[in-house]
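Asker: The listed protein sequences correspond, in order, to chains A and B. Taking my numbering, the leading residue of the first sequence gets 1, the next gets one more, and so forth. Taking my numbering, the leading residue of the second sequence gets 1, the next gets one more, and so forth.
Among the hints, a few may not be true.
[To be verified] Calculated from the model, a selection of chain A residues having no Cβ within reach of chain B, i.e. all distances over 10 angstroms: (1) Val-25; (2) Ala-111; (3) Leu-138.
[Said to hold, decoys possible] To list a few chain B residues with every Cβ distance to chain A over 10 angstroms, as calculated: (4) Arg-3; (5) Leu-177; (6) Asp-235.
[What the hints assert, rightly or not] Label-pair ranges, simulated between beta-carbon atoms: (7) Thr-251(B) <-> Gln-214(A): 20 to 26 angstroms; (8) Asn-170(B) <-> Ala-50(A): 33 to 39 angstroms; (9) Ser-108(A) <-> Met-1(B): 46 to 52 angstroms.
None of these hints come from the bench; they were simulated from the model. Glycine residues also receive a C-beta, built at the ideal position from the N, C-alpha and C atoms.
Okay, here's what each chain looks like letter by letter:
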Amino acid sequence: MLILAIDTSAVASAALVSDDAPEGVLASFSTEDTRSHAEVLAPGIDALLADAGVTGADIDAVVTGVGPGPFTGLRSGIATARTLSYVWGKPLYGMMSLDAMALEVAESTAAVPEFLVATDARRKEVYWARYSLTDGQLPRLVDGPHVGFAADLPDLPAYGAGAGIYEDVLRANPDFSAEQPDALYLGQFALARLAAGEPLLDSTPLYLRESDAQVPGPRKRAL
Amino acid sequence: MNRTQPLVLGIESSCDETGVGIVRGTALLCNTVSSSMEEHVRFGGVIPEIASRAHLDAFVPTLQEALTEAGVKLEDVDAIAVTSGPGLAGALMVGVCAAKALAVATGKPLYAINHLVAHVGVGLLQTDDGALPPFAGGLPENAVPENALPGNLGALLVSGGHTEILRIRNITDDVELLGSTIDDAAGEAYDKVARLLGLGYPGGPAIDKLARTGNAKAIRFPRGLTQPKYMGTADEPGPHRYDWSFSGLKTAVARCVEQFEARGEDVPVADIAAAFQEAVVDVITSKAVLACRENGITELLLGGGVAANSRLRQLTEQRCRAAGIRLTVPPLGLCTDNGAMVAALGAQLVMAGIEPSGISFAPDSSMPVTTVSA
Ligand SMILES: [Zn+2]
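Input sequences plus hints: build the corresponding full structure.
Answerer: This is the structure in structure tokens:
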């Protein structure tokens, strides 16, 4: 099975993952910055497909990170994934973006049985989720995703750029203090779940916050 | 690529309408629009984040519907065109990302298009009954309408997002902004005043309807930027000769309403609506016609959603006729934001041999009209 995975919940990233490829990965790319998704994502995917010699016909499914993440960036990945899936006529699945980092933690030597993953939610808040890990198993989402202040999170080791920003109040793992969700891990996680017959999400974005719109109050009358 | 009668798919997402339109050359095949207008009603204006969320969910269904209606397969399309500005940044981003994905998945060339110039591009489309495009009048019968617009063409665009007067020497590469609003768009002023008067959203149709029962002369509201220091003379134009401002007008309406209330009198809502509308329409049309006369414009296209306003159409017609300017108003569904106008301009670019934009461009929320395509 060949999956094109896309995540733009923080940086822009995409990957071609397959259970036939060594280490499961055919090709991948990710950017450093979190504000140029509209420019870099499509050329990145285009190059990814060309370099791997893959066309839409070869792809079995498209997987998109559904956040949480800053809205505009998040939508660029989902809009891209939905359109590719529609044109290619291939199934589309969603994955919670923080799962990507949970798998990255699980595959590292820094793994612990109970941990948090956190990314920057701006406005002095983080997006976060809590995971548990048993040997040889995929990480299991125990709580979240949520958005909130770092100081209000459970007292557990925390991984990811959101933990790095608030290392004064979180038990941030220094090796992960600049890490962001990456489509590479998201795709691998999706592949493992599909292989295990577990359901995935649909592509509905997890905004976690309402739009800031205020319903205007009644106008104050003079007098 | 077929450059004589190209099949072009256009995508629009700069404000609250998700539009997909398909044209073949200058022939309109379909114009599918999904609007999030209803979701903005309780806020009294377009909320960018709500519009962006709606674009994301509406895009694929709108695309699917457009292809079905036009009886077109994606593989037959010659080029894709998308609005890349000006407009709401987050809203533009959705359409641009979707259009780029469409280009990646189909391998078709992509054009990043200026929304304002696209409003003019609809003037080149043939209408349903197969009539010639409004501007193709004097052309030889079998002429390829490569660029059928006359050389002395202007466009007056009035909507919730913009108020501009443009001069178009060549729709694919020579467009000039003669004047624009320096604060609120005209449609925005309608929305704000409608809220003041308790008339709901969108304000344009509500005020237009009520104004018919009011006395426009009962109150005199100010016409922004009409003082000599802004206007100057034809030889020595002031800093805002063809520009508009509506924020002072909105304040004047608020003060007027307060004065009636402070005196304990009933607010003459219909008279205020009529007087407000007259102030807006008077200043828009007088400055637009002035700009036309002083720039040799003899053909004017009226576009944008406020083109639906009965008084604006009436006064524009009247003043254009008096000044010897031929006025064209496309069908309303093509005046409001839509994908067909994007496709129409895209087809013009293809026919003019302009190179596509590629897939690395960034949407530009303040894209100038001098940039017809990125
Ligand atoms: Zn418009």
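Asker: Give a verdict on every hint.
Answerer: Hints versus structure:
1. Val-25: Nearest chain B Cβ is 20 angstroms from Val-25(A), so the label holds.
2. Ala-111: holds (35 angstroms)
3. Leu-138: With a cut-off of 10 angstroms, Leu-138(A) remains clear of chain B, as the shortest Cβ separation is near 29 angstroms.
4. Arg-3: holds (24 angstroms)
5. Leu-177: Since the minimum Cβ distance to chain A is about 25 angstroms, Leu-177(B) lies beyond 10 angstroms and the statement holds.
6. Asp-235: Nearest chain A Cβ is 45 angstroms from Asp-235(B), so the label holds.
7. Thr-251(B) <-> Gln-214(A): 20 to 26 angstroms: holds (21 angstroms)
8. Asn-170(B) <-> Ala-50(A): 33 to 39 angstroms: Given a distance of about 36 angstroms, which is inside 33 to 39 angstroms, the answer is holds.
9. Ser-108(A) <-> Met-1(B): 46 to 52 angstroms: holds (49 angstroms)
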